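So the chains spell out like this:
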Amino acid sequence: MTAWTDAVSMEPVLAVVAGVLTAAAVYLMLSRNLVRFLFGLMLLSNAVNIVIFASGRLTLVAPPLIPGDAVAPAATVANALPQALILTAIVIGFGLLSFVMVLVWRAYVSLGTVDTDAMREAEPVEEDADPPPGDPASVPSPARGS
Amino acid sequence: MGEAATTANPAAPGADAPASAAWRLLAVVPLAALIGFVSLLPAITAGETLSVGWAWVPGLDVRLSFYVDGLSLLFALLISGIGFFIFLYAGSYLGRHPRFGRFSIYLLAFMGSMLGLVLADNIITLFVFWELTTLTSYLLIGFDHTQAKARRNALQALLVTGIGGLALLAGLILMAIVGGSFELSQLIAQGDAIREHALHLPILILVLAGAFTKSAQFPFHFWLPNAMAAPTPVSAYLHSATMVKAGVYLLARMHPALGDSDWWTWTLLIAGAVTAVWASLLAIRQSDLKLMLAYTTLMALGTLVMFLGAENYYAIAAAVTFILVHSFYKAALFMVVGIIDHEAGTREIDRLGGLRGALPITFAAALAAAFSMAGFPPFLGFIGKELKYEGALAISEAPIFMTTAAVTANALMVAVALVVVIRPFLGTRPDLPKVPHEAPVAMWLGPVVLAACGIIFGVAPGAIGNALVDPTVEAILYSPQNIELKLWHGINLPLALSVVTVTLGAFFFVMRRRLIRWTGAWLDFVRITGDAAYDRAVAAMMAFAAWQTDLLQGGRQRIYLATTLITFIVLVGGTLIAFGGVAMPAAWPSAPLPVWGIAALIVAGALATTQMRSRIGALAAVGSAGTGVALLFLAFGAPDVAMTQFMIETLSVVIAALILPRLPAMAGRGHPGRHGRLRDAAIAVACGTVVTLLVIAVTAGPFDRSLTGFFEIASVPDAFGRNIVNVILVDFRAIDTFGEIAVVAIAGLASVALIRQTMTSRRDR
Numbered sequence: 001m002t003a004w005t006d007a008v009s010m011e012p013v014l015a016v017v018a019g020v021l022t023a024a025a026v027y028l029m030l031s032r033n034l035v036r037f038l039f040g041l042m043l044l045s046n047a048v049n050i051v052i053f054a055s056g057r058l059t060l061v062a063p064p065l066i067p068g069d070a071v072a073p074a075a076t077v078a079n080a081l082p083q084a085l086i087l088t089a090i091v092i093g094f095g096l097l098s099f100v101m102v103l104v105w106r107a108y109v110s111l112g113t114v115d116t117d118a119m120r121e122a123e124p125v126e127e128d129a130d131p132p133p134g135d136p137a138s139v140p141s142p143a144r145g146s
Numbered sequence: 001m002g003e004a005a006t007t008a009n010p011a012a013p014g015a016d017a018p019a020s021a022a023w024r025l026l027a028v029v030p031l032a033a034l035i036g037f038v039s040l041l042p043a044i045t046a047g048e049t050l051s052v053g054w055a056w057v058p059g060l061d062v063r064l065s066f067y068v069d070g071l072s073l074l075f076a077l078l079i080s081g082i083g084f085f086i087f088l089y090a091g092s093y094l095g096r097h098p099r100f101g102r103f104s105i106y107l108l109a110f111m112g113s114m115l116g117l118v119l120a121d122n123i124i125t126l127f128v129f130w131e132l133t134t135l136t137s138y139l140l141i142g143f144d145h146t147q148a149k150a151r152r153n154a155l156q157a158l159l160v161t162g163i164g165g166l167a168l169l170a171g172l173i174l175m176a177i178v179g180g181s182f183e184l185s186q187l188i189a190q191g192d193a194i195r196e197h198a199l200h201l202p203i204l205i206l207v208l209a210g211a212f213t214k215s216a217q218f219p220f221h222f223w224l225p226n227a228m229a230a231p232t233p234v235s236a237y238l239h240s241a242t243m244v245k246a247g248v249y250l251l252a253r254m255h256p257a258l259g260d261s262d263w264w265t266w267t268l269l270i271a272g273a274v275t276a277v278w279a280s281l282l283a284i285r286q287s288d289l290k291l292m293l294a295y296t297t298l299m300a301l302g303t304l305v306m307f308l309g310a311e312n313y314y315a316i317a318a319a320v321t322f323i324l325v326h327s328f329y330k331a332a333l334f335m336v337v338g339i340i341d342h343e344a345g346t347r348e349i350d351r352l353g354g355l356r357g358a359l360p361i362t363f364a365a366a367l368a369a370a371f372s373m374a375g376f377p378p379f380l381g382f383i384g385k386e387l388k389y390e391g392a393l394a395i396s397e398a399p400i401f402m403t404t405a406a407v408t409a410n411a412l413m414v415a416v417a418l419v420v421v422i423r424p425f426l427g428t429r430p431d432l433p434k435v436p437h438e439a440p441v442a443m444w445l446g447p448v449v450l451a452a453c454g455i456i457f458g459v460a461p462g463a464i465g466n467a468l469v470d471p472t473v474e475a476i477l478y479s480p481q482n483i484e485l486k487l488w489h490g491i492n493l494p495l496a497l498s499v500v501t502v503t504l505g506a507f508f509f510v511m512r513r514r515l516i517r518w519t520g521a522w523l524d525f526v527r528i529t530g531d532a533a534y535d536r537a538v539a540a541m542m543a544f545a546a547w548q549t550d551l552l553q554g555g556r557q558r559i560y561l562a563t564t565l566i567t568f569i570v571l572v573g574g575t576l577i578a579f580g581g582v583a584m585p586a587a588w589p590s591a592p593l594p595v596w597g598i599a600a601l602i603v604a605g606a607l608a609t610t611q612m613r614s615r616i617g618a619l620a621a622v623g624s625a626g627t628g629v630a631l632l633f634l635a636f637g638a639p640d641v642a643m644t645q646f647m648i649e650t651l652s653v654v655i656a657a658l659i660l661p662r663l664p665a666m667a668g669r670g671h672p673g674r675h676g677r678l679r680d681a682a683i684a685v686a687c688g689t690v691v692t693l694l695v696i697a698v699t700a701g702p703f704d705r706s707l708t709g710f711f712e713i714a715s716v717p718d719a720f721g722r723n724i725v726n727v728i729l730v731d732f733r734a735i736d737t738f739g740e741i742a743v744v745a746i747a748g749l750a751s752v753a754l755i756r757q758t759m760t761s762r763r764d765r
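In order, the protein sequences belong to chains Z and X. Following this note's numbering from start to finish, the first sequence increments by one per residue and tops out at 146. Following this note's numbering from start to finish, the second sequence increments by one per residue and tops out at 765.
If you're looking for bench data, these hints aren't it; they were derived computationally from the structure. Check each hint, because a few of them may be wrong.
[Claimed, not checked] Computed footprint of chain X on chain Z; a stretch qualifies when at least three of its residues, placed anywhere within it, have a C-beta under 8 Å from a C-beta of chain X:
1. 15-27
2. 44-52
3. 63-71
4. 90-103
[Unchecked claim] Reference listing, derived: stretches of chain X covered by chain Z, where coverage requires no fewer than 3 residues with Cβ under 8 Å from a Cβ of chain Z:
5. 556-567
6. 570-581
7. 652-658
8. 716-722
[Unchecked claim] If we take Cβ atoms under 7 Å as the criterion, some of the chain Z residues that face chain X in the derived model are:
9. E11
10. L30
11. N33
12. V35
13. T59
14. A78
15. A80
16. L81
17. Q83
18. A84
19. R106
20. V114
21. E121
22. E123
Predicted model, so just to flag it, every value in this text is computed and none were measured. The C-beta atom is built at its ideal place from N, Cα and C for all residues, glycine as well.
Model the full assembly from the supplied sequences, consistent with the hints where possible.
Below, the structure written as structure tokens:
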């Protein structure tokens with residue numbers, strides 16, 4: 001067990017892992033293909049959880065448990081607080097992910113595409129082509145009467 | 001700048017709106033206010049000041065408080081008194097307009113805001129009313145909202161005065177910080193402290209920006225003539241006694257606190273003089289009577305600003321008297337122009353003439369008002385003009401400059417006054433668009449009474465001298481004064497200057513055509529038009545808004561996401577760099593071999609996901625990364641988290657396996673653009689680097705474990721649990737966990753709803 005407990009400065013390792021996970025997630029999410037976006041989202045919640053976990057400092061193989069004959073942990077145990085936060089985050093992340101997956105499927109059924117560049121229902125491309133007809137105001141004014 | 005005036009069509013065809021008569025009754029409101037303010041006059045004359053206030057936002061020293069001294073009362077009397085006649089006048093002028101009710105409410109709201117502004121004691125109260133006058137005047141100027149020009153000019157007034165209002169707010173707050181109080185009545189008592197403070201100049205600049213935009217001083221003068229797009233009753237009210245005088249009021253109010261410094265004196269002298277002379281030159285060029293009056297309003301505002309720059313009491317008394325003089329004659333003349341427009345169908349001076357027979361009462365009122373404007377004895381305008389010359393000669397800074405400016409502007413006023421009386425009323429009557437008849441009583445009553453005020457107070461100046469002018473001058477100079485208004489001062493230099501003024505004015509009147517030609521050539525050469533600068537500024541702002549909206553919100557999901565991510569990189573990364581947070585770990589990263597192995601698994605899984613072309617391959621890669629994360633939790637003493645992660649990872653893969661086959665295959669990586677992949681990879685690497693640096697910076701710092709320590713000690717005695725993580729979740733943070741369960745339940749319900757709806761829509765198809 002000495003090899004485990006002697007180890008110091010493990011946080012930078014997790015920092016790099018979180019960074020790589022974030023980079024991969026962001027790259028996938030910047031794709032116009034929503035399927036790739038979904039994979040990015042999965043990776044991103046893992047990245048965030050590791051950030052929270054490492055910020056609470058790391059302790060090897062010592063779960064935050066209290067022995068039956070004591071009222072407090074005997075030795076230094078892992079930080080319980082980030083674990084509780086991450087448990088919540090994992091579950092919430094799952095709720096979000098499953099909803100988004102169904103939403104992407106629904107969007108595909110409705111729009112026939114998973115290409116976000118083609119999803120312009122809310123902001124159609126033609127929107128700013130011509131000013132609305134009937135308004136004689138040629139002045140640069142955002143306020144259109146009535 | 002001088003555009004062709006479009007004649008408003010006040011009398012819209014159709015019967016009286018049934019509610020119109022009721023709306024006309026609103027005139028009793030200003031009348032009641034006038035009576036109320038007159039009843040305060042004895043106390044103010046006796047040298048008292050009154051104040052009343054309520055707590056508004058006590059934590060911020062904001063009070064709804066009001067303060068009445070000579071200065072506030074002078075303005076309050078003018079606002080309510082002229083307001084009464086304007087309401088009467090508007091009832092006839094616009095009574096048949098289908099939206100007359102709306103107009104009356106706007107006008108009433110404007111009057112209330114204006115009264116609040118001149119009576120406010122707390123600076124935040126002052127600012128709120130200041131902005132309310134801006135907003136309500138916007139509604140009034142743009143009342144004829146089917147006209148593009150009215151909308152544009154209303155917006156211009158709103159923007160110019162609104163931006164000035166913001167500057168004013170900043171200046172007032174700085175002043176409150178320096179003076180240690182939010183009440184004007186306290187601040188004006190601390191003139192010396194404010195003048196000597198390092199923030200004096202910033203305060204002065206900000207407050208003057210507010211006053212100069214509101215009172216249309218050069219170079220912000222352009223919005224005022226454009227505001228003539230408003231119906232004539234509005235112009236008569238806004239540009240005689242109210243809206244544009246708000247800036248003058250502010251300068252007068254601030255005189256004890258900010259005046260008596262070189263910056264104050266020279267800025268006001270120069271801006272006022274330039275505005276006065278420039279505007280009176282432009283006034284004489286106009287062919288539309290209403291525009292001509294608009295430019296003379298600018299001239300009056302410039303003169304007032306110029307005299308408020310001075311310290312000597314003649315100059316201040318001249319300003320106060322001129323506020324009265326100008327309000328009387330300008331409101332009267334605007335209403336006269338409205339009557340002419342109404343009765344003759346035009347206000348172009350070249351098409352008018354010989355109206356004296358058809359409009360005898362209006363003619364009499366116009367004659368008296370114009371003579372007061374020209375400063376002929378025995379009108380109040382004469383007294384005002386004599387005081388101006390005395391004040392200008394007595395100023396220590398630049399008596400010659402100021403006197404020259406005053407004489408030039410006044411001479412041009414004489415010429416304009418002659419134009420206003422002679423051109424429409426005398427001579428022979430040309431063919432007019434309409435056959436003129438004398439206006440109804442409600443319309444001529446205002447001009448007649450106000451013009452009469454100009455004579456009565458001119459003949460008996462003592463009546464207002466002691467009652468109103470004295471207390472006002474005292475309020476502005478913040479020391480007791482006793483001035484005697486007299487019609488005849490004996491033969492002295494001011495009288496000689498008056499003779500010069502009248503002679504010069506008559507000369508200008510005779511030479512008007514040549515003057516127009518001469519100034520026209522000069523204006524073509526100079527080309528200072530604030531209006532064009534305003535248009536360019538607005539166009540530039542709109543272009544910038546369109547450009548940055550296109551850039552940041554281009555309607556593509558990945559652009560929005562990239563914007564958010566780059567913001568994150570710049571803000572978090574920038575903060576790290578700026579505050580020296582970029583640190584190398586204290587020791588070379590070291591960990592047991594299994595940890596390195598798990599880390600390698602996660603990294604490989606994440607990188608593989610980005611490279612996979614098939615959905616199943618990508619899913620397998622994501623799953624292996626997720627499993628690696630679970631192993632990591634297990635290695636660092638978090639078995640509960642690891643178990644949850646395993647279960648959730650499995651569930652996610654199951655759901656993904658159900659959904660993914662229903663989606664199209666991943667054709668290509670989807671990073672459009674020539675260097676699309678490179679660009680997106682750069683953003684991704686930057687994000688990852690910022691996250692890594694952030695975690696290193698956080699973990700390199702000191703660590704406060706006290707919260708965890710509390711949970712470790714309290715778990716058994718308080719919550720009877722030995723698994724600390726579980727105790728935190730179900731006991732100490734139970735409400736949080738409950739919320740989490742609710743979120744998952746709602747996400748599940750929403751998913752079910754989406755699935756069922758999709759199924760139904762498919763079956764129907």
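inquiry  = Of all the hints numbered above, which does this structure not satisfy? Sort the numbers upward.
reply    = 6 and 21
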